[in-house]
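Please take these sequences and the hints and turn them into a complete structure.
Each chain is listed here by its residues.
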Amino acid sequence: MTQTPPAIAAIVPAAGASRRMGRSKPLLEFEGRPLIARVVSALVEGGARPVVVVAPPADSPEGPPIARVAAEAGAIVLTPETRPAEMRDSVELAIGELTRQAPPPVAIALAPADGPGIDGALVARLLDVWRESPERIIIPKAGGRRGHPVVIPWRFVMEIPSLPPEVGINALMADCAGDVLEVDVADKALIADLDTPEDLQRLREAEGRQVRTVRLFAVARERVGRGEITVELPEGATVADLRAALAEQFPPLAPIAGRVMIAVDSEYADDAMAVPAGASLAVIPPVSGG
Amino acid sequence: MVEITDKPLDYAALTEQARHNNAGAVCVFLGTVREMTGDRRTTALDYEAYPEMALKKMAELEAEARERWQIIEAVIVHRVGRLDLGEISVVVVVSCPHRKEAFEACRWLMDTFKEVVPIWKRENWADGGEEWVHPGLST
Chain V
568 MTQTPPAIAA IVPAAGASRR MGRSKPLLEF EGRPLIARVV SALVEGGARP VVVVAPPADS
628 PEGPPIARVA AEAGAIVLTP ETRPAEMRDS VELAIGELTR QAPPPVAIAL APADGPGIDG
688 ALVARLLDVW RESPERIIIP KAGGRRGHPV VIPWRFVMEI PSLPPEVGIN ALMADCAGDV
748 LEVDVADKAL IADLDTPEDL QRLREAEGRQ VRTVRLFAVA RERVGRGEIT VELPEGATVA
808 DLRAALAEQF PPLAPIAGRV MIAVDSEYAD DAMAVPAGAS LAVIPPVSGG
Chain L
32 MVEITDKPLD YAALTEQARH NNAGAVCVFL GTVREMTGDR RTTALDYEAY PEMALKKMAE
92 LEAEARERWQ IIEAVIVHRV GRLDLGEISV VVVVSCPHRK EAFEACRWLM DTFKEVVPIW
152 KRENWADGGE EWVHPGLST
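Here the protein sequences line up with chains V and L, keeping their order. Position in the first sequence (from 1) plus 567 gives the number in the numbering used here. Position in the second sequence (from 1) plus 31 gives the number in the numbering used here.
If you're looking for bench data, these hints aren't it; they were derived computationally from the structure. Treat the hints loosely; a few may be bogus.
[Claimed, not checked] Pulled from the structure, derived: some chain V residues nowhere near chain L, Cβ distances all over 10 angstroms:
id : residue
1  : T666
2  : Q777
3  : V786
4  : I851
[Said to hold, decoys possible] Label pairs and their calculated CB-CB ranges:
id : chain 1 : residue 1 : chain 2 : residue 2 : range
5  : V       : P801      : L       : G167      : 27 to 33 angstroms
6  : L       : E161      : V       : A841      : 33 to 39 angstroms
7  : L       : E161      : V       : R692      : 52 to 58 angstroms
8  : V       : D626      : L       : D158      : 27 to 33 angstroms
9  : V       : G803      : L       : T68       : 31 to 37 angstroms
10 : V       : L748      : L       : E83       : 49 to 55 angstroms
[What the hints assert, rightly or not] Sample of chain L residues at the chain V side, in silico, Cβ under 7 angstroms:
id : residue
11 : G117
12 : V121
13 : P166
Using N, Cα and C, we set each Cβ at its ideal position, and we do this for glycine too.
Right, dumping it as structure tokens:
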């Protein structure tokens, strides 16, 4: 009879509202796949079992697609009824799920849903380091900065629910500073954060796509909730492509994207016009001054 | 002269800017905040502009009007922000040697302004609710 080796599970909190990005980060595509699918696949390839993803609630626009994409990539998906307030709340939901498993995992790999550079080789390497030092918390580090995923022994994981209510997971790392083992990984991109539109821009430029800032006014601004957005465009995009990108990447604009004017450098632009590099872009709903 | 401001518009001072001894006619248009639209009561209007483009379009309007009519001075000023009932949202003043062209140019400037200058108003209705005014764009 073969014995199942002790499992290292993975937790991917993906329930956040991506406020700083203004769009759902787990669904952003990198090299043709949503980031959440890439992260789950990397954890599976690297040897984590099971991979638990905490998705946004089913009644949020991004909840169902995140849950579907994560499940297709091989994750167990938890869908809370209300959006967890903090990342820690999502992690605790996943811990609860893993606690019910028999036997529970010996450690977990904790990874963000949007780590563009997490790949199977990095995960495998960090899990190997942990197996050599199973009492330690393993944290990858590049260019002087800590990154993801972090591998945490199960006995520390079980302390997370009893941390003081006002602190996050980082408090655990601080409490257990002496137990942390940092692992230098050469490639900064492996651990890069993806929090702001500027981070996305750097990522897209690395991919050869352009990311453009577009100003919004009146009803367009109100629908999106901000006066400036960043839109991804294919190379050589026209104004018509920009309309399509606005509708696809910002669903609240979909009903009006075909019926507003687009201004390029403060001039009304035809759909056939190529979007020039460096030009300022704006969405101009029908005007009503006077 | 074109301008966008968030301050109340002093139409008398703006009219003085356009007066000139060679002008036999000074035509002044004021846009003001109307209370009743059909049966609905407005409590205030909020105006928003895309300032860079709006100023550019306003300057183009002035230049085109000067080509079409013999204009001595033209003043086009729009206010943005929250405006109460009766307040002035826009002032257009045109001075010309004769009244016919002053009337024509002032009307053309205001009519064309409303078609091309990126400024928007939002109705604040007395019965609750707000809505951006976007002619032809029902959402």
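Results of checking the hints against the structure:
With a closest Cβ-Cβ approach of about 48 angstroms to chain L, V/T666 is found to remain outside the 10 angstroms limit, as its non-interface label requires. The claim that V/Q777 lies off the interface holds: its Cβ sits roughly 22 angstroms from the closest Cβ of chain L, which is beyond the 10 angstroms cut-off. Here V/V786 does not stay apart from chain L, with its beta-carbon only about 4 angstroms from theirs, under the 10 angstroms limit. Listed as outside the interface, V/I851 is inconsistent with that label: its C-beta sits roughly 5 angstroms from the nearest C-beta of chain L, within the 10 angstroms cut-off.
Take V/P801 and L/G167: their Cβ atoms lie about 30 angstroms apart, and the range 27 to 33 angstroms holds. At roughly 37 angstroms, the beta carbons of L/E161 and V/A841 sit within the given window of 33 to 39 angstroms. For the hinted restraint 52 to 58 angstroms between L/E161 and V/R692, the CB-CB distance of approximately 56 angstroms keeps it satisfied. Taken as a hint, the range 27 to 33 angstroms holds for the pair V/D626 and L/D158, whose Cβ atoms sit roughly 30 angstroms apart.
Restraint check, V/G803 to L/T68: a C-beta distance of roughly 46 angstroms breaks the suggested window 31 to 37 angstroms. A C-beta distance of roughly 54 angstroms is found between V/L748 and L/E83, which places it inside the suggested range of 49 to 55 angstroms. The restraint placing L/G117 at the interface with chain V is violated, with a minimum CB-CB distance near 15 angstroms, outside the 7 angstroms limit. This hint holds: L/V121 has a C-beta 5 angstroms from the nearest C-beta of chain V, less than the 7 angstroms allowed.
This hint holds: L/P166 has a C-beta 5 angstroms from the nearest C-beta of chain V, less than the 7 angstroms allowed.
Of the hints listed earlier, those the structure fails to meet are numbers 3, 4, 9 and 11, in rising order.
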